Amino acid sequence: MDNHYIGVDIGTTGVKAVVFDQEGTERFKAYETYPMRSPTPDAAEQDANLIYEKTMGVLEQALAFLADEGTRVRAVSFSSAMHSMMCVDESGEPLTQLITWADKRSAKETKALQQTERGQDFYERTGTPIHPMSPFAKLVWMNDHQAPLLEKTAKIVGIKEYILFKLFGEFVMDESIASATGLMNIHTREWDEDIAAYAGISLEQLPTLVPTSYTFYREETPYIIGASDGVLSNLGVGAIDEGEVALTIGTSAAIRSASRAPHVDAKGRTFCYLLTDDLWIIGGPINNGGIALQWVVEELIKDDTMTSENATEAAISLAERVPAGSNGLLFLPFLTGERAPLWNPEATASYIGLTRTHTREDMIRAALEGVTFNIYSVLLALQELIGVPNAIYASGGFSRSETWKQMAADIFDQPLHFSPSYESSAFGAVILSMYTLGDIEQLSHFKNRKTREETVVPDATTATTYRDYSSLYLELIRSLSPHYERLYRLQQAAATSR
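Take the sequence shown: its position 201, counting from 1, is numbered 269 in this note's numbering, and each next residue is one higher.
These are computed hints drawn from the structure, not numbers from a lab.
From a predicted model like this one, the values you see are computed outputs, not experimental measurements.
Virtual Cβ for every residue (Gly too), placed ideally from N, Cα, C.
Check before you lean on any hint, since a few could be wrong.
Capping the alpha-carbon separation at 30 Å, the derived lysine-lysine pairs in DSS-like fashion look like this [as the list claims (entries may be wrong)]:
| hint | residue 1 | residue 2 |
| --- | --- | --- |
| 1 | Lys234 | Lys122 |
| 2 | Lys179 | Lys122 |
| 3 | Lys370 | Lys234 |
Here are the simulated distance ranges between beta carbons [said to hold, decoys possible]:
| hint | residue 1 | residue 2 | range |
| --- | --- | --- | --- |
| 4 | Phe236 | Leu542 | 30 to 40 Å |
| 5 | Arg554 | Glu185 | 25 to 35 Å |
| 6 | Glu121 | Glu288 | 23 to 33 Å |
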């Protein structure tokens, strides 16, 4: 009987369970969404119990599919979004909502720490940039504003740890997720006592660290703890050799490369997270990926007669009519602040060069280009650590758009290699489970399946055009950066007076 594997990917906006066969072919997918709540403008919280219920729902659908097929479930493995955090009591009951990476309440604390030698030291120890996204930053804020709550907290966990506790009764965190908390020393691979103390917690309040191969059992089926979605995406697309880069554009976006040793950036611009004992992923995350397209769709396209899917297709069709460079219109896509390359939660979006002659078609294309210019700017920072990549493997929702794929290839001025499966993180989780169980000998087992790839080659003329625009884009974000704090204060004042 053929083996089948389930990769469960717990994301920011939804959870999916994806079934793959032993050849790596996707057979089935179940998907459920859940909302984000913002009780204040800077807060970004979710209901952990709802996410648990949705996770169990998609997992049960995947198991039911395999039962109907009469097929063996060889293993279940987990991928999860990074940087989520919640406080629980000794019985595992939530004391807080799940605070996500998008929460910006610690902006004041992190901004102050960013400018200090201590902040740089913390970054170099942990590989996690000083930014409100990290659980470390959230704890610093909580220690300042909710210290009594923090004192009665038994354990501090993320969403995957909460779900696994409810399933298996253990408070454990894989080293991949832990390396993105800002609390784990990536050189010793242990919780950092000094950093924990700065955040106002004890090491006893943190879960037990375990490798990404750590295995639970449920009805004799192995459940592999897995890793974070970012590093697993690298594994899923095959970008695990030095010199190879993974590009992902979904709701947010990221660009990452593999390394056999941990690396940090002297300027604090990139992260360094663990995948396995001897494999690290370095790169930069971007807040504003597909969310920028979603914004222009909602504001410029969608009406009551259109579904979101149809409106998105209409927006892409309009963008196709516009030449590269959007007729001299640039979009800085910082709709939700920004992580890389600015690491500034106060950054805001803007159109630059807007005139009466510009149309909504120009504005839509400029938004797509702005997202892509921003990701390219992160690659430029990454190149200072790894050199010019020899291959770029791409995945994520933008892969569904021929226009956006070609745009990215032209802006990067390099061929982009795409896999037919958009579920790179879930597939990475499955590959990790296969490797853990000895079903494959190397993590690179599926790497050279060339028949499953599509390569998009840059157009030389368009790439030359984009070179000028990307240079201008970089100059603009540098020149505007000093003004974001003042604008942010004005916006906060306006929001308060409504």
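Do the hints match the structure? See the list:
1. Lys234 <-> Lys122: 13 Å, holds
2. Lys179 <-> Lys122: Violated, because 36 Å separates the two Cα atoms, which is more than 30 Å.
3. Lys370 <-> Lys234: Cα-Cα ~40 Å, so violated.
4. Phe236 <-> Leu542: 30 to 40 Å: 47 Å, violated
5. Arg554 <-> Glu185: 25 to 35 Å: For Arg554 and Glu185 the Cβ distance comes to about 26 Å; the hint holds.
6. Glu121 <-> Glu288: 23 to 33 Å: 24 Å, holds
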